[in-house]
Amino acid sequence: MPTGIYLHIPFCRIKCPYCDFNTYAGIDDQRPRYVAALKEELRHRLGTFQPGEFAAGSLYFGGGTPSLLDPEDVAELGEIAGSPAEVTLEANPGTVDLPKLQALRAAGVNRLTLGCQTFHPELLAGLRRLHDVKQTHEAIEAAHAAGFTELNIDLMYGLSGQTLAHWDADLDQAAAARPTHLSLYNLTIEEGTPFARWRAAGELPLPGEELQGAMYERAVERAETGGWGRYEVSNFALPGSECRHNQVYWSGEAYLGCGAGAHGFAPADGSPSHGRRWWNHRVPRRYCQEVEAGRLPEDGHEELGRTQAMTEALLLGLRTREGLDLARFQRRFGASPIELLGAPLKDFRARELIRVRGTHLIVAEHAVILLDSLLARLAPQVDRVDRSDSLNSPSQAPYGTPTGQSR
Amino acid sequence: MAIDQIRNFAIIAHVDHGKSTLADRMMEQTAAVSDRDMKAQYLDSMDLERERGITIKANTVRLNYLADDGKTYQLNLIDTPGHVDFNYEVSRSLSACEGVLLVVDAAQGVEAQTLANIYLALEADLEMVPVLNKVDLPGADPDAVREQLEDHVGLDCEHMVLASAKTGVGVHDALEAVVKHIEPPTGDPDADLRVLIVDSWYDSYQGVICLVRVVDGVLKPRTKVRFFSTGNDHEVSGLAVKVPEVMKVDQLGPGEVGLMITGIKSISETRVGDTVTDPKRPCAEALPGFEAPQQMVFAGVFPIEAADYSDLRDALSKLSLNDASLSWEPETSEALGFGFRCGFLGLLHMEIIQERLEREYELGLITTAPNVVYRAQLKDGTEVEIHRPSDVPDPMVLDTLSEPRVRAKVHVPSDGVGQVIKLCEDKRGRQLGMEYLAATKVVVEYDLPFAEIVFDFYDKLKSATRGYASLDYELMGFEVAPLVKMDILVSGEPVDALSVICHRDRAHTMGQKLTVKLKEFIPRQMFQVPIQAAIGKKVIARTNIKAFRKNVTAKCYGGDISRKRKLLEKQKKGKARMKAVGSVEIPQEAFFAVLKLDE
Chain A
1 MPTGIYLHIP
11 FCRIKCPYCD
21 FNTYAGIDDQ
31 RPRYVAALKE
41 ELRHRLGTFQ
51 PGEFAAGSLY
61 FGGGTPSLLD
71 PEDVAELGEI
81 AGSPAEVTLE
91 ANPGTVDLPK
101 LQALRAAGVN
111 RLTLGCQTFH
121 PELLAGLRRL
131 HDVKQTHEAI
141 EAAHAAGFTE
151 LNIDLMYGLS
161 GQTLAHWDAD
171 LDQAAAARPT
181 HLSLYNLTIE
191 EGTPFARWRA
201 AGELPLPGEE
211 LQGAMYERAV
221 ERAETGGWGR
231 YEVSNFALPG
241 SECRHNQVYW
251 SGEAYLGCGA
261 GAHGFAPADG
271 SPSHGRRWWN
281 HRVPRRYCQE
291 VEAGRLPEDG
301 HEELGRTQAM
311 TEALLLGLRT
321 REGLDLARFQ
331 RRFGASPIEL
341 LGAPLKDFRA
351 RELIRVRGTH
361 LIVAEHAVIL
371 LDSLLARLAP
381 QVDRVDRSDS
391 LNSPSQAPYG
401 TPTGQSR
Chain B
408 MAIDQIRNFA
418 IIAHVDHGKS
428 TLADRMMEQT
438 AAVSDRDMKA
448 QYLDSMDLER
458 ERGITIKANT
468 VRLNYLADDG
478 KTYQLNLIDT
488 PGHVDFNYEV
498 SRSLSACEGV
508 LLVVDAAQGV
518 EAQTLANIYL
528 ALEADLEMVP
538 VLNKVDLPGA
548 DPDAVREQLE
558 DHVGLDCEHM
568 VLASAKTGVG
578 VHDALEAVVK
588 HIEPPTGDPD
598 ADLRVLIVDS
608 WYDSYQGVIC
618 LVRVVDGVLK
628 PRTKVRFFST
638 GNDHEVSGLA
648 VKVPEVMKVD
658 QLGPGEVGLM
668 ITGIKSISET
678 RVGDTVTDPK
688 RPCAEALPGF
698 EAPQQMVFAG
708 VFPIEAADYS
718 DLRDALSKLS
728 LNDASLSWEP
738 ETSEALGFGF
748 RCGFLGLLHM
758 EIIQERLERE
768 YELGLITTAP
778 NVVYRAQLKD
788 GTEVEIHRPS
798 DVPDPMVLDT
808 LSEPRVRAKV
818 HVPSDGVGQV
828 IKLCEDKRGR
838 QLGMEYLAAT
848 KVVVEYDLPF
858 AEIVFDFYDK
868 LKSATRGYAS
878 LDYELMGFEV
888 APLVKMDILV
898 SGEPVDALSV
908 ICHRDRAHTM
918 GQKLTVKLKE
928 FIPRQMFQVP
938 IQAAIGKKVI
948 ARTNIKAFRK
958 NVTAKCYGGD
968 ISRKRKLLEK
978 QKKGKARMKA
988 VGSVEIPQEA
998 FFAVLKLDE
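These protein sequence lines map, in sequence, to chains A and B. Counting from 1, one number per residue, gives the positions in the first sequence under our numbering. Counting from 408, one number per residue, gives the positions in the second sequence under our numbering.
It is worth saying that the hints were derived from the structure and are not from the lab. Don't take every hint at face value.
As the list claims (entries may be wrong) - Derived lysine to any residue pairs resembling SDA-like cross-links, with alpha carbons at most 25 Å apart: (1) B:962 - A:247; (2) B:971 - A:278; (3) B:980 - B:714; (4) B:962 - A:21; (5) B:962 - A:251; (6) B:829 - B:889; (7) B:962 - A:33.
Make a model of the complete structure from these sequences and hints.
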């Protein structure tokens, strides 16, 4: 069973104006304290399992800027985690050089993900990224030289001022870097970010829906031709190089989240809960205080009801190329997704937007671009089981019975 | 109580001119209500009435008033609804009165409802005392309003009262005016019993309760009475008046207004306007009753969830116990499933019923656009009533369609005549006449298709004449007209609940407007959605709702999952008032698009 551990590293040199992650600039002085708390939390959480109950298949250093960590700390955290088979670390160009990457490689990191975003200086400037294109190329070169056989490149599209030609060139550059994995993200304007404010003030013109759609289609087409298969909405990989860690999320399996604001999830069999999700205190200082006081740094949690768990299974499953595992869904919830999703699914299948392929329900390639619309119609179907009347007796007979007075 | 110390009166006013506030102050000053119990607008008892600030059902309260002449008077204040939809309820209430206080806002002056109410009171031959309210407001201009009333309306303002119901100024004068200028009722306690049923409603504890006005004789509890229209006898289980708490009384004499509690289980036994008499000494003739309220418009009411069908039926049964003007029968729509075709007095009545169903019975509903009743003449010589567009028979059997027409009288100051004529001509009207009642006051008479005036005519009339025109109409009958059923196809599928009946010459324009309007209401889908208007097989207008080009969340990792799920759950709630028709979700507003073509 795949399981994963996520470690959140909330430190950044600057806060990018589009980013709504739990990250902070200017608190570098808290780093030693934070790393100590992180080790402590990870130890504690793993200690709550019986031997053999939880064995992580992946470890993911996310952020923030995990490349700001000392390689020794990375090594120690990896050991505490039980030295999983896949250890990923996110790095920003400009924060890593060859010695640093060699050290990280030696510390057990075997998968590097580089936040390149774009190879156009003017677009990088628009994103207010700290690095320049030269540093991006250096980081890529160093990653290869350091022996990272699993390399991911993050690119963004839908940027202010970006044309399809820009995007094509970015995809070319990314391909030339010979990564094993590509994450191609549409810029999303998140509430509360400077980008959202600039957008509201009319100061951030973005490509229209038509162009953004074309960019996504171009991304898929180019990646696929280059051999990077799309295995999730925004993720592409050479065969066998899919990120195991992210697949843990999408398949609804267990993951531990440690660090400020990190989320964790423990699936359950439905009696009574279908899973527990928790999240830690977001503010690093508070997080550290809780851990240091010997408490779990949890800020909140939710127990998933049946409907919620089914909704999540649906929304995550359909994001992947593999699709929603029909038999597994039936086992978990005692309901057939095909029946449950009823008329809307039937309609989507007739329109060839969704298909049943073998044992899975999958979204057709050309319809992935509309997944949120599909989900908006499918998701309301899953709570029909809680109102069995409307599921089982759609046809009532109002005629033939006296219906009260009618004047 | 000596009959010459009784006064039965109503307060009539345009909406918001302060009718209910004045009633509240009168209750306070006669100590009917202590401050502690004083809710704003005491007479409006339903929550909905209080919230909307309008009265829907008539209500009544007895005030004991020690007048300046040293005598104590029994003042029966009968409340009246304030909207044109409920005019028939106003006339009913007025039939229990000898006079009215006409409340006019001293700043806004005479408005349409003021006039409509004045004419109702004149028709009922009632004494009218004008009360200029809100005289303390900065914009108040009592002299100008007095001039309007005297010159435009021809009302005698000799006894006019200046008041501010809010501060209590002039309330005493209003009470004195009721005593001095409104006639006491007449009636003979020894004559055969004659009691008029002004209103009736069902109370789940006590059975049917009637608001009655005793004309002759004396009504007593625990006696048998006979209902003239049915000939059935029932026992009066109790008599009461509202002060405003319900207080039992041991008799109601001539001229008195009160509540008759019957224990009857169905309000169909106690028809409003019926006469109640003594079976041992029945009166020879019934009192002139009221015309039965007529359902003017029909609309389909459907539960969003099919499972709520029986709850909706129960709710309609309960509502119609108290509202004889609501009618309903089962209906099936291909698009919306099982529901009911309901008949209403007008649009406001429809909105109120819809709101009560949703609020008091917690039902999620889709209501279709309302239409008037048509008639279809078939080739075999028979005739059928058309309550909804899908009733229109197949062209193979249909001979002609006819529509109801009304004789409409519009009272308007002379400078607004042009606007009124233009509006009536736009609405396919035929002028019947025009008469100057005074130098500045005109009555314009038009023969109009009822369908053209039932929806927004009144609002348009008001805005075209700055509120001065008032409208009165009566149904004349049906007339053959070149009417067609226009269907609306969404994504190629006809949606029966969106069909409309319209005049052939206007179908093209209307089809275009309607398809464009629907485009505003139907959200974008994953695929292009064509919206077509068609008559029979012929498409006469078409527009497209553009498809989403791209709609997919870029990232969904560990910390995003809850958020994404909650977003879907929230969207689901937003769909509460949407109905999936085929593969397209149509929101409630779309079904009303036909009413909003001019916006």
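Original post:
Tell me, which hint numbers fail for this structure?
Top reply: 7
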